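*Asks:* So the sequence lines, in the order shown, correspond to chains S and F. Letter 20 of the first sequence, counting from 1, is numbered 20 in my numbering, and no numbers are missing. Letter 136 of the second sequence, counting from 1, is numbered 136 in my numbering, and no numbers are missing.
It cannot be assumed that every hint is accurate.
Cβ pair distances, simulated, as ranges [said to hold, decoys possible]: (1) Ser152(S) - Glu51(F): 43 to 51 Å; (2) Asp10(S) - Thr18(F): 36 to 44 Å; (3) Pro109(F) - Arg156(S): 29 to 37 Å; (4) Gln57(F) - Ala126(S): 53 to 61 Å.
Please keep in mind that the hints were generated in silico from the structure rather than gathered at the bench. Quick caveat: nothing in here was measured; it's all calculated off a predicted structure. Note that beta-carbon positions come from the ideal geometry of N, C-alpha and C, so glycine has one too.
Protein chains: 2
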Amino acid sequence: MRDAYHESLDAVTDELVTMSRLVGSMMQRASVALLEADRARAEAVIAADDEVDAACQELELQTTELIALQQPVATDLRIVLSAMRMSSTLERMGDLAQHVAKSARMRYPDCAVPEPLRPQFTEMAAVADRMAAKMGDVIASKDLDLAREIESDDDRMDALHREVLDVLLRQPGSTPIGEAVDITLLNRYYERFADHAVNIARRTIYLVIGERADA
Amino acid sequence: MRDAYHESLDAVTDELVTMSRLVGSMMQRASVALLEADRARAEAVIAADDEVDAACQELELQTTELIALQQPVATDLRIVLSAMRMSSTLERMGDLAQHVAKSARMRYPDCAVPEPLRPQFTEMAAVADRMAAKMGDVIASKDLDLAREIESDDDRMDALHREVLDVLLRQPGSTPIGEAVDITLLNRYYERFADHAVNIARRTIYLVIGERADA
């Protein structure tokens, strides 16, 4: 049986998993909005960011209260402090999904991704989905192998990021500057989203390894 | 007379001020490296980022220990938790200065900023300097008027950010795509650097207003 204290600790983890699912779904929908020039979907993602921001603020209050009232130490304290940092990271991931959706909306009814770059962006979207899904699972399960998979997914994202730049720079001089600006930023949003997922995976690894070292 | 507990709290604030000065100096030198195509200076900034990362990790340990051993509550706890978040933000500001320096290094011996955009980047550099200097002072003094000045400095940064995009999009078709990519990213680095300074200013305002509300 769990006491109230461990129930609050579990509640914090549950909240992080919920936030992970939400930002994963936001990025997934933002990618569809981007690749299919779907304005309604873009608007829905843009609106969803408030939910992430509210969840992050709520988690900040919840963790502060937990520390003040329960005064956790050692591993428990590290879990709570890690949760605070992870929630800031998740908030930032929500912002990035929102940026992708805003870029889709700005170009509507055109598609912000030109034909020659669709394969790369389609795969970046798939890699981002996969990383976000694993990130939620890692927070819930503390599965270290899965956490390490996120790092190798990130290698693929970095390769795609470079490929997009290569394609962009190889384009004939006719590429409009506005398009180059959009692609440069979109490319960066996906890369940063992936970096944040890695950050969360590494924090989880550090927590677990730390727990083992403490044991 | 200050007891050991309040001395540790003060030490945390001092460390944040030191980090602020460091990231401010990094961005200032990165801007000079960028505008003067000064490779040695760029290298120095790139190397300095390790110092910021180490300071951030050190602060994370220091604050975790402080919470575990001293179990601060109410305002003191909020100060310590805020410090943890601010240190992540400062670490990110150091990364952005490093990105600017890397862009300068990549284009060396050329200057990454083309002639028509030098006025805007020169002013963005000046605004970033000013904001970073005020940020350090705000952390040290909790001066709310100064914190609010950071927000209005950010309005100027946002205006410059839009101006850079306007100039870029108005350029004749001859702008090389590589140059457009660089400028788009540099523009974003300065804008994000400023956003982070605002974030720290707002956290300080929230802390002080919170303290007043508690009193």
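*Asks:* Could you work out which earlier hints the structure fails to respect and list their numbers in ascending sequence?
*Replies:* Of the numbered hints given earlier, those the structure breaks are 1 and 4, listed in rising order.
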